[in-house]
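One line per chain: the protein sequences are A and B, in this order.
Letter by letter, the first sequence follows residues 1 to 340 in my numbering.
Letter by letter, the second sequence follows residues 1001 to 1633 in my numbering.
Among the clues, some could well be false.
Unchecked claim - Under the rule of at most 27 Å between Cα atoms (straight-line distance), these lysine-lysine pairs were calculated in the DSS-like manner:
{"no.": "1", "chain 1": "A", "residue 1": "Lys92", "chain 2": "B", "residue 2": "Lys1220"}
{"no.": "2", "chain 1": "A", "residue 1": "Lys92", "chain 2": "B", "residue 2": "Lys1078"}
{"no.": "3", "chain 1": "B", "residue 1": "Lys1220", "chain 2": "A", "residue 2": "Lys73"}
{"no.": "4", "chain 1": "A", "residue 1": "Lys92", "chain 2": "B", "residue 2": "Lys1225"}
{"no.": "5", "chain 1": "B", "residue 1": "Lys1158", "chain 2": "A", "residue 2": "Lys43"}
{"no.": "6", "chain 1": "B", "residue 1": "Lys1104", "chain 2": "A", "residue 2": "Lys43"}
{"no.": "7", "chain 1": "B", "residue 1": "Lys1274", "chain 2": "A", "residue 2": "Lys92"}
{"no.": "8", "chain 1": "A", "residue 1": "Lys73", "chain 2": "B", "residue 2": "Lys1225"}
{"no.": "9", "chain 1": "B", "residue 1": "Lys1199", "chain 2": "B", "residue 2": "Lys1571"}
{"no.": "10", "chain 1": "B", "residue 1": "Lys1563", "chain 2": "B", "residue 2": "Lys1158"}
{"no.": "11", "chain 1": "A", "residue 1": "Lys92", "chain 2": "B", "residue 2": "Lys1252"}
{"no.": "12", "chain 1": "B", "residue 1": "Lys1225", "chain 2": "B", "residue 2": "Lys1078"}
{"no.": "13", "chain 1": "A", "residue 1": "Lys250", "chain 2": "A", "residue 2": "Lys240"}
{"no.": "14", "chain 1": "B", "residue 1": "Lys1104", "chain 2": "B", "residue 2": "Lys1205"}
{"no.": "15", "chain 1": "B", "residue 1": "Lys1413", "chain 2": "B", "residue 2": "Lys1470"}
{"no.": "16", "chain 1": "B", "residue 1": "Lys1553", "chain 2": "A", "residue 2": "Lys43"}
{"no.": "17", "chain 1": "B", "residue 1": "Lys1553", "chain 2": "B", "residue 2": "Lys1470"}
{"no.": "18", "chain 1": "B", "residue 1": "Lys1604", "chain 2": "B", "residue 2": "Lys1274"}
{"no.": "19", "chain 1": "B", "residue 1": "Lys1220", "chain 2": "A", "residue 2": "Lys43"}
{"no.": "20", "chain 1": "A", "residue 1": "Lys73", "chain 2": "A", "residue 2": "Lys43"}
{"no.": "21", "chain 1": "A", "residue 1": "Lys92", "chain 2": "B", "residue 2": "Lys1151"}
{"no.": "22", "chain 1": "B", "residue 1": "Lys1199", "chain 2": "B", "residue 2": "Lys1553"}
{"no.": "23", "chain 1": "A", "residue 1": "Lys296", "chain 2": "B", "residue 2": "Lys1151"}
{"no.": "24", "chain 1": "B", "residue 1": "Lys1220", "chain 2": "B", "residue 2": "Lys1151"}
{"no.": "25", "chain 1": "A", "residue 1": "Lys43", "chain 2": "B", "residue 2": "Lys1205"}
{"no.": "26", "chain 1": "B", "residue 1": "Lys1104", "chain 2": "A", "residue 2": "Lys92"}
{"no.": "27", "chain 1": "B", "residue 1": "Lys1078", "chain 2": "B", "residue 2": "Lys1274"}
{"no.": "28", "chain 1": "B", "residue 1": "Lys1470", "chain 2": "A", "residue 2": "Lys43"}
{"no.": "29", "chain 1": "B", "residue 1": "Lys1252", "chain 2": "A", "residue 2": "Lys43"}
{"no.": "30", "chain 1": "B", "residue 1": "Lys1583", "chain 2": "A", "residue 2": "Lys43"}
Source of the hints: derived by calculation from the structure; they are not laboratory data.
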Amino acid sequence: MGQYILKRVLTFIPILLIMSVVIFFIIQLPPGDYLTSYVAGLKAEGQIVDESELASLTERYGLDQPWFMQYFKWMWNILSRFDFGYSFDYEKPVWPVIAEVLPMTIIVSLVTMLFNYLVGIPIGIYSAVHQYSAADYCFTFVGFLGMAVPNFLFAILLMYATYIWTGTAFIGLYSNEILLGLQQGTLQWWEVLFRGDFWGRMAIPIIVIGTSGTCGTLRSMRAQMLDELGRNYVLCARAKGVSERRIVYKYCLRAALNPTVSGLSGVLSHIFNGSTISAIVMNLQLVGPRLYNALKAQDMYLAGTILLVMGFLIVLGTLLSDILLAWLDPRIRFEGRRAE
Amino acid sequence: MKTRRLLSALLALAMLLSMVSFAAAEAPAYTQSPYLDGQDLPAVADRLPAASDIMVEDVAEIGQYTDYITLMQGGSSKWGPGKPTEEALFRFKTDGTVEPNVAKGYEVNEDCTVWTIHLREGMKWSDGEPFTTEDCRFFYEECLLTGFTGKNPWEAVKAMDENGEMQVAAFAAVDDYTFTMTFVSPKPEFLRELAINGKWFFAPKHWLAEHVAVYTDPEKSAEDKDAYAQGLGFSDMKALGNSYTYYYWIVKGRPTLRAWIIDGDFNDEMCVWKRNPYYWKVDTEGKQLPYIDELHFRRYSDDSQALLWIMDGTADIGSVALSDVETILNSEAAVNLIEWSSTSWTSQSMQLNLAVQDDLKRPLYQNVDFRHALSLIIDRNQIAQLIDNGYTDPAQSAPPAGAQGYDPEWTSKWVEQDLAGAETLLEACGLVKDAEGFWAFADGTRLTLNLQYQNEADASLAELIMNDLKKVGLDATTRLYDRSIMEEMRSANEHEIVLNYENFDTVSISLRPDYFVPMRDYCVWGSAFGLWYLNQLDGKGREGAVEPPADVKAMLEIYTSMKNATTSEEKEGYALQLLDCFKEGIYEIGFTSSNPAIYAINAKMHNFPENGIACDEFRDLGLANFACLWVEK
Chain A
1 MGQYILKRVL TFIPILLIMS VVIFFIIQLP PGDYLTSYVA GLKAEGQIVD ESELASLTER
61 YGLDQPWFMQ YFKWMWNILS RFDFGYSFDY EKPVWPVIAE VLPMTIIVSL VTMLFNYLVG
121 IPIGIYSAVH QYSAADYCFT FVGFLGMAVP NFLFAILLMY ATYIWTGTAF IGLYSNEILL
181 GLQQGTLQWW EVLFRGDFWG RMAIPIIVIG TSGTCGTLRS MRAQMLDELG RNYVLCARAK
241 GVSERRIVYK YCLRAALNPT VSGLSGVLSH IFNGSTISAI VMNLQLVGPR LYNALKAQDM
301 YLAGTILLVM GFLIVLGTLL SDILLAWLDP RIRFEGRRAE
Chain B
1001 MKTRRLLSAL LALAMLLSMV SFAAAEAPAY TQSPYLDGQD LPAVADRLPA ASDIMVEDVA
1061 EIGQYTDYIT LMQGGSSKWG PGKPTEEALF RFKTDGTVEP NVAKGYEVNE DCTVWTIHLR
1121 EGMKWSDGEP FTTEDCRFFY EECLLTGFTG KNPWEAVKAM DENGEMQVAA FAAVDDYTFT
1181 MTFVSPKPEF LRELAINGKW FFAPKHWLAE HVAVYTDPEK SAEDKDAYAQ GLGFSDMKAL
1241 GNSYTYYYWI VKGRPTLRAW IIDGDFNDEM CVWKRNPYYW KVDTEGKQLP YIDELHFRRY
1301 SDDSQALLWI MDGTADIGSV ALSDVETILN SEAAVNLIEW SSTSWTSQSM QLNLAVQDDL
1361 KRPLYQNVDF RHALSLIIDR NQIAQLIDNG YTDPAQSAPP AGAQGYDPEW TSKWVEQDLA
1421 GAETLLEACG LVKDAEGFWA FADGTRLTLN LQYQNEADAS LAELIMNDLK KVGLDATTRL
1481 YDRSIMEEMR SANEHEIVLN YENFDTVSIS LRPDYFVPMR DYCVWGSAFG LWYLNQLDGK
1541 GREGAVEPPA DVKAMLEIYT SMKNATTSEE KEGYALQLLD CFKEGIYEIG FTSSNPAIYA
1601 INAKMHNFPE NGIACDEFRD LGLANFACLW VEK
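Using the sequences and the accompanying hints, generate a full structural model.
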């Protein structure tokens, strides 16, 4: 097992290197570069940028060099100094730009994920065990609805609903008081977590981001459970008089969790990134929207770093979910059985 | 004797008393916002400039001090908070004339070569340090001319010498509060140009000098300088200079002359700006301005959030799209909608790239009859109703009423839909119909017009135009491009027919000709002509230059003469000639009259001007003079 993990970790290096090249290549693939969108932005504001200014900016940002030279420079700085470069748009090193929004991103992701599993798994089991009951039909209906309604639309509707019901639209995670407190330093970001007005606002992302995931979990859990419940070992257990509870929770659930656990490989990356489109619609300052803007503006070191970290987390998540699967399911082993 | 002595003593006493009471009447009691009470500051009168040099704002209504207002900020544009808080040497009034602001006044010699600017005695930076001519000299000579700002010296400070070379003006300090700018040739529009391009003309030397010294130090290598900047959190020295002297208003802790100073990170979800205790303006009752203690900029990532913030009263001032006016009117939002006129020539437009690379299309697009035909094909009523929700009228792209060059005949030129007339013109352009009934070039190649646009909102406009074109048998395609890709296409001369891309919009064509005349690669209808013009000037041989047709060359000649004109009248004359060229050639085909800018203002806000002009030159919302705004409690 230890050897297996070591082997897998060593394969991370070439995978990440290849990934970084692909990421960098794709980011600079669209025509133009950061300056094109920067200049377009300046012009939209009536600013005039003349030729020599443009030339000096191109040189300053190193955009006059071919992309692979820019890539090597970037990689070298990462490897030699752990320096991920500067964000053109924020005019800051890349890490602080990400770090600013990272805690809240992790909180939103974890909370919505918890909601997803805590709601999706029990209902999935219930639906499977009580197949074709009124409650099953009801959950199935809600489940399909949840998957079918686009998140961004749902978010806009909920924000509008809060405006109609309370007179204040719940936009973003922070109320005016929290924002003022954070600004003046009378409130630390973690203290926010103990405030009712924060959780009131948090309800919207939980419902919006949570439901679509929850519905997916619910449906897959139900299908897997139904599969398991029809197997011969269940019949055998029942014949032997094993309690229904023990059959469902000890045997079937363990097997039915397999797809959910293998789905965990993307979870780490998701926690880091948060939700992108829904976050933009709800005005949540998370890593996702920053990545989206960086990609749009071709702010390449920021976009590249976020994507690279996401890639690393996916690779790591896959390894962790593989280990978890082996622990969960005794049928899975890492080393092939020796011929007996 | 005694009586005389007593009398004289009494007289002296009476004189003294009268002097004291006179002095008391002369110096009104200046008052400050309760926000500043208890702060460790000198008395308000000591923070203001000398009594005679204080700027007194003649406010419509004397205000109450207001704790804060909330404004909205979308995207990364630093000008969002920049324009409303800007303090220029000279500022625009709502009628478009220029008046002293940071400067107290000016004089100019007869031939407009020497401009003398007077500053306000005793005026202070937001940290209490004195503001003098040295701060102006420092900015001009050590920041602007050395390139520390990251910007080339503004056109406002340049004039042409007898050899045709542009020379920057010479700065000379007369005393602590007076300086002169001397030009090599007459510079009649100096103040207006300075108000547009120059804006500020000063930097706090006491705060900046050490950074500039590193930048200009000949002993230090570029690497050393960059390392110095990196130590302060910048990527390199140029980024530091640009941030500290150009986009300085978002640098926390940097002294300014603005009414509010940033007190957080510009990228924060909410960025608070606090009042400048040393602000140098008062109202007519001696209350130190601004009335508003704090500006709160809330960041949004989607337009629907801004609309909801206006509706639920979070935002006190917000810009409203025409399509949202009904929504706001139907809501219970406690806001007043205020309309400002705009300087744009049209609200919906189409520009043909006259320098398009396709050899068959280029001569066709350059033919004014073809543009005439296209203009006749469009059903403008439909666009006004469906796209502009009935807020505009069918119109040609032309200066709006009240603007320089306004001409009703121009506004209605080629506006009525006339499909038969258009077909005749198309034939006259040498086009023929092919077997399938589409217009084609004489050699049988079908003419396909590629309509390109960059705002998703323009998709319906593109569809309407395409349908109109098909009615006469003109084949067309439409495609949405990302803004930066469109920008790249423009600079590579790969665009063809663009919709609502840099619509003509200026207060004065002589002050901002960049988007109209192809004197650089800015103007959309002929960016490659701009390269040709630049090549003619400096012989550098830029790639992708296209030689313009005769009408455009004539336009460029007028532009050159306008640039070198030495009197305002002369400049104005050339500007009118240029406008004639645009009326003749219709280089931008407009569909509907220009949109007003609509602002939703908290119903309890006072002193927000009812009649403004929304344009960049006048600093957009900044023209509302934020220091005088206040909200009733």
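Comparing the hints with the structure gives:
1. Lys92/A x Lys1220/B: holds (24 Å)
2. Lys92/A x Lys1078/B: holds (15 Å)
3. Lys1220/B x Lys73/A: Cα-Cα ~24 Å, so holds.
4. Lys92/A x Lys1225/B: holds (17 Å)
5. Lys1158/B x Lys43/A: holds (22 Å)
6. Lys1104/B x Lys43/A: violated (32 Å)
7. Lys1274/B x Lys92/A: holds (24 Å)
8. Lys73/A x Lys1225/B: holds (20 Å)
9. Lys1199/B x Lys1571/B: holds (22 Å)
10. Lys1563/B x Lys1158/B: Judged against 27 Å, a Cα distance of about 11 Å means the pair holds.
11. Lys92/A x Lys1252/B: holds (14 Å)
12. Lys1225/B x Lys1078/B: Holds, at roughly 25 Å.
13. Lys250/A x Lys240/A: Holds, because 15 Å separates the two Cα atoms, which is no more than 27 Å.
14. Lys1104/B x Lys1205/B: holds (20 Å)
15. Lys1413/B x Lys1470/B: holds (22 Å)
16. Lys1553/B x Lys43/A: Satisfied, since the Cα-Cα distance of roughly 25 Å is no more than 27 Å.
17. Lys1553/B x Lys1470/B: Judged against 27 Å, a Cα distance of about 33 Å means the pair is violated.
18. Lys1604/B x Lys1274/B: holds (21 Å)
19. Lys1220/B x Lys43/A: Not satisfied, since the Cα-Cα distance of roughly 35 Å exceeds 27 Å.
20. Lys73/A x Lys43/A: violated (30 Å)
21. Lys92/A x Lys1151/B: OK: Lys92/A and Lys1151/B at ~20 Å, within 27 Å.
22. Lys1199/B x Lys1553/B: Violated - the C-alpha atoms of Lys1553/B and Lys1199/B are around 32 Å apart, more than 27 Å.
23. Lys296/A x Lys1151/B: Given that 27 Å is the threshold and the Cα spacing comes to 25 Å, the pair holds.
24. Lys1220/B x Lys1151/B: holds (22 Å)
25. Lys43/A x Lys1205/B: violated (30 Å)
26. Lys1104/B x Lys92/A: violated (38 Å)
27. Lys1078/B x Lys1274/B: holds (17 Å)
28. Lys1470/B x Lys43/A: Outside the cut-off at roughly 33 Å; violated.
29. Lys1252/B x Lys43/A: It holds: about 26 Å lies between the C-alpha atoms, which stays within 27 Å.
30. Lys1583/B x Lys43/A: holds (25 Å)
Checked against the numbered hints above, the structure breaks hints 6, 17, 19, 20, 22, 25, 26, 28 and satisfies the rest.
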